[in-house]
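Visitor: Since the structure of chain A is provided, determine the placement of chain B on it from the hints.
Chains A and B, in that order, give the protein sequences. Each residue of the first sequence is one higher than the one before, starting from 1 at the first, in my numbering. Each residue of the second sequence is one higher than the one before, starting from 1 at the first, in my numbering.
Hints were generated in silico from the structure; no laboratory data involved. Mixed in with the good hints there might be a few duds.
Which copy is meant is left open, so a pair is good if it fits within one copy or across any two.
As the list claims (entries may be wrong) - For lysine-lysine, the following PhoX-like pairs were computed, each having C-alpha atoms within a straight-line distance of at most 25 Å: (1) Lys253 with Lys263; (2) Lys254 with Lys277; (3) Lys187 with Lys117; (4) Lys55 with Lys277.
Single-letter residue listing:
There are 2 protein chains.
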Amino acid sequence: MRIILDAMGGDNAPDAIILGAVRAANEFAAELVLVGRGAEILEALKRLNIATLPKGMEVANAEDVVDMHDDPSTVIRRRRDSSMVVGLQMLAAKSGDAFISAGSTGALLSASSLIVKRIPGIRRAALAPVIPTAEGRCVLIDSGATVECKPEFLAQFACMGSLFAKSSLGIANPRVGLLNIGDEDNKGTPVQRAAYGLLQELDRTGLIHFTGNIEARAVPLGGADVVVSDGFSGNVLLKSIEGTAQFMSQQLKKIFTKNLLTKLGAVFCKSGLEELKAMSDYRTVGGTPLLGISKPVIKAHGSSDDLAVFHAVRQAIDAVQHDLSGTIRDQINQMSITKEQSNVE
Amino acid sequence: MRIILDAMGGDNAPDAIILGAVRAANEFAAELVLVGRGAEILEALKRLNIATLPKGMEVANAEDVVDMHDDPSTVIRRRRDSSMVVGLQMLAAKSGDAFISAGSTGALLSASSLIVKRIPGIRRAALAPVIPTAEGRCVLIDSGATVECKPEFLAQFACMGSLFAKSSLGIANPRVGLLNIGDEDNKGTPVQRAAYGLLQELDRTGLIHFTGNIEARAVPLGGADVVVSDGFSGNVLLKSIEGTAQFMSQQLKKIFTKNLLTKLGAVFCKSGLEELKAMSDYRTVGGTPLLGISKPVIKAHGSSDDLAVFHAVRQAIDAVQHDLSGTIRDQINQMSITKEQSNVE
Numbered sequence: 001m002r003i004i005l006d007a008m009g010g011d012n013a014p015d016a017i018i019l020g021a022v023r024a025a026n027e028f029a030a031e032l033v034l035v036g037r038g039a040e041i042l043e044a045l046k047r048l049n050i051a052t053l054p055k056g057m058e059v060a061n062a063e064d065v066v067d068m069h070d071d072p073s074t075v076i077r078r079r080r081d082s083s084m085v086v087g088l089q090m091l092a093a094k095s096g097d098a099f100i101s102a103g104s105t106g107a108l109l110s111a112s113s114l115i116v117k118r119i120p121g122i123r124r125a126a127l128a129p130v131i132p133t134a135e136g137r138c139v140l141i142d143s144g145a146t147v148e149c150k151p152e153f154l155a156q157f158a159c160m161g162s163l164f165a166k167s168s169l170g171i172a173n174p175r176v177g178l179l180n181i182g183d184e185d186n187k188g189t190p191v192q193r194a195a196y197g198l199l200q201e202l203d204r205t206g207l208i209h210f211t212g213n214i215e216a217r218a219v220p221l222g223g224a225d226v227v228v229s230d231g232f233s234g235n236v237l238l239k240s241i242e243g244t245a246q247f248m249s250q251q252l253k254k255i256f257t258k259n260l261l262t263k264l265g266a267v268f269c270k271s272g273l274e275e276l277k278a279m280s281d282y283r284t285v286g287g288t289p290l291l292g293i294s295k296p297v298i299k300a301h302g303s304s305d306d307l308a309v310f311h312a313v314r315q316a317i318d319a320v321q322h323d324l325s326g327t328i329r330d331q332i333n334q335m336s337i338t339k340e341q342s343n344v345e
Numbered sequence: 001m002r003i004i005l006d007a008m009g010g011d012n013a014p015d016a017i018i019l020g021a022v023r024a025a026n027e028f029a030a031e032l033v034l035v036g037r038g039a040e041i042l043e044a045l046k047r048l049n050i051a052t053l054p055k056g057m058e059v060a061n062a063e064d065v066v067d068m069h070d071d072p073s074t075v076i077r078r079r080r081d082s083s084m085v086v087g088l089q090m091l092a093a094k095s096g097d098a099f100i101s102a103g104s105t106g107a108l109l110s111a112s113s114l115i116v117k118r119i120p121g122i123r124r125a126a127l128a129p130v131i132p133t134a135e136g137r138c139v140l141i142d143s144g145a146t147v148e149c150k151p152e153f154l155a156q157f158a159c160m161g162s163l164f165a166k167s168s169l170g171i172a173n174p175r176v177g178l179l180n181i182g183d184e185d186n187k188g189t190p191v192q193r194a195a196y197g198l199l200q201e202l203d204r205t206g207l208i209h210f211t212g213n214i215e216a217r218a219v220p221l222g223g224a225d226v227v228v229s230d231g232f233s234g235n236v237l238l239k240s241i242e243g244t245a246q247f248m249s250q251q252l253k254k255i256f257t258k259n260l261l262t263k264l265g266a267v268f269c270k271s272g273l274e275e276l277k278a279m280s281d282y283r284t285v286g287g288t289p290l291l292g293i294s295k296p297v298i299k300a301h302g303s304s305d306d307l308a309v310f311h312a313v314r315q316a317i318d319a320v321q322h323d324l325s326g327t328i329r330d331q332i333n334q335m336s337i338t339k340e341q342s343n344v345e
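Next up, chain A with everything else stripped away, as it sits in the complex (with noise of 0.2 Å):
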């Protein structure tokens, strides 16, 4: 197995690109491709005092880079010889099994969609989010690579993000939810009325186990496993979510160091404290999938860091081997089978 990683890509690069997948190659047994500037990742491993690469682990030249400001859609004509594009052309052409990258959200969807393709008969791609719950953990999707979407779109993504759940939580028979903002099959927007229809059709046909409609409130609080959404709707959850956590950290962080009691009373729960922070650290959580494309590509946080990258890299092997594009694809087939009978009859 090959992972390519963007070496170039997010806020620390290439640093800690390098750092993560040395640490994974030291690790796990798969080879490692770091593409990127050759002169500056040799700098950078000069640097890092690493004198020689881990076995398995090479570097693969590509002089420019794509920047947070360039406009997504030009990325893969204009910035031909960036790390981005150079890496994804070489997943296309089967030298390497998955793509990390750390850079901009917007580029990577835009250059996987153009240069690796989507799954045929997937009409969009999206991004799906592990995130903590008081139940474990559940998979959003979408959260934010296609912001409108008609009910076909949310449709696919159910079942998409079913066998993610299926795979990278252990889930075997995961609730699937959608987002919405009452429990009732009549509301939200038409959007949302025809897909409850749609995820309906699909728990009967077996493919997906829907509950029905969730509230946002519930999400944290786990109440599915797969949470569906329209890409701006599921960027407002998962972000308000993560702003709610910080400001909660924050208010939490000044009660604690008020004065010598309350810092004593922070020494007690100490641990539970840790466990909280653990719990909703994104970096052990590995980056967001784009499913949909036809081979593994994964959105690392742009502020990654080594361990960030490490974890990246675990989740890209995890999804070669559970082959979840190849799952996907079966399963999207089999969506289109129903849908020519249900045309039939």
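Guide: Same frame as chain A, now just chain B:
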């Protein structure tokens, strides 16, 4: 001043409504009218050991009650004798200055628009809850009244929310942010992109102080004083903040009750933890005003207790004193003038 209360709406009606109203009647110089089933209200008064109603408080009979399962659009026809419909009719007939209900949001929205009517020129009404942030509080508009929005609706929400923030939060020049999935002006759906331009124009004319897009993550951190959104995303934002706060509180409770030492830690941090709890206590915030209706209508939380009802009354009095509806009416006229002028140019 006369405040009308739906005595039968909400999970704890009529007891919580009566107790909250009695407390408010004793504290504020306002007349209060409880609308509902006379016999039930009298029984409740007996049960609550209230021998006589406070001065300025009275009961108006309404034999029916709006059910949470009623179709909102049919309430004013099928539940014409309900406490909600009768109360709103009193408001429309100038037998009161504001109306408060903890009953069905959908029914209150629909019946208010039909009976009390929107302010002329206002395209849609909006629910504008006040939410706690790291910097104080902010107004979210809309949180679920209008799930599908045109850009012009969002522009009107921005004006109404700004006026509400001035009067209720005492902010002279509130920072108005447009809820979006990125900072750049080309982010979001065509609705957000068009709304962005309209809000810029309102900023130029001095009607609002528009500070650009705001991501959901920045809302709890205090990134804006007024957050403008369609009702769907706004509802997702509000409820994910609530759900995450609840999730974090549950985790904290677990941490503090783990053993004797952590319990001692909780004692040391008591005052801070109580402040944090108070911060996110919706009951002290009051209800959620339904802005755009020609007279003050306030939706109290469905699970309101007497404290929440008391604060909803305080808020209603505040809305009447600041003549929020009148101010919105004046400003909407200015908006129209601006529009006509720009058409002429």
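Visitor: Please go over all the hints and tell whether each is borne out by the structure.
Guide: Outcome of the hint check:
1. Lys253 with Lys263: Answer is both: 10 Å inside a copy and 18 Å across each meet the 25 Å cutoff.
2. Lys254 with Lys277: both (15 Å within a copy, 14 Å between copies)
3. Lys187 with Lys117: Intra 34 Å, inter 24 Å, cutoff 25 Å: inter-copy only.
4. Lys55 with Lys277: neither (34 Å within a copy, 54 Å between copies)
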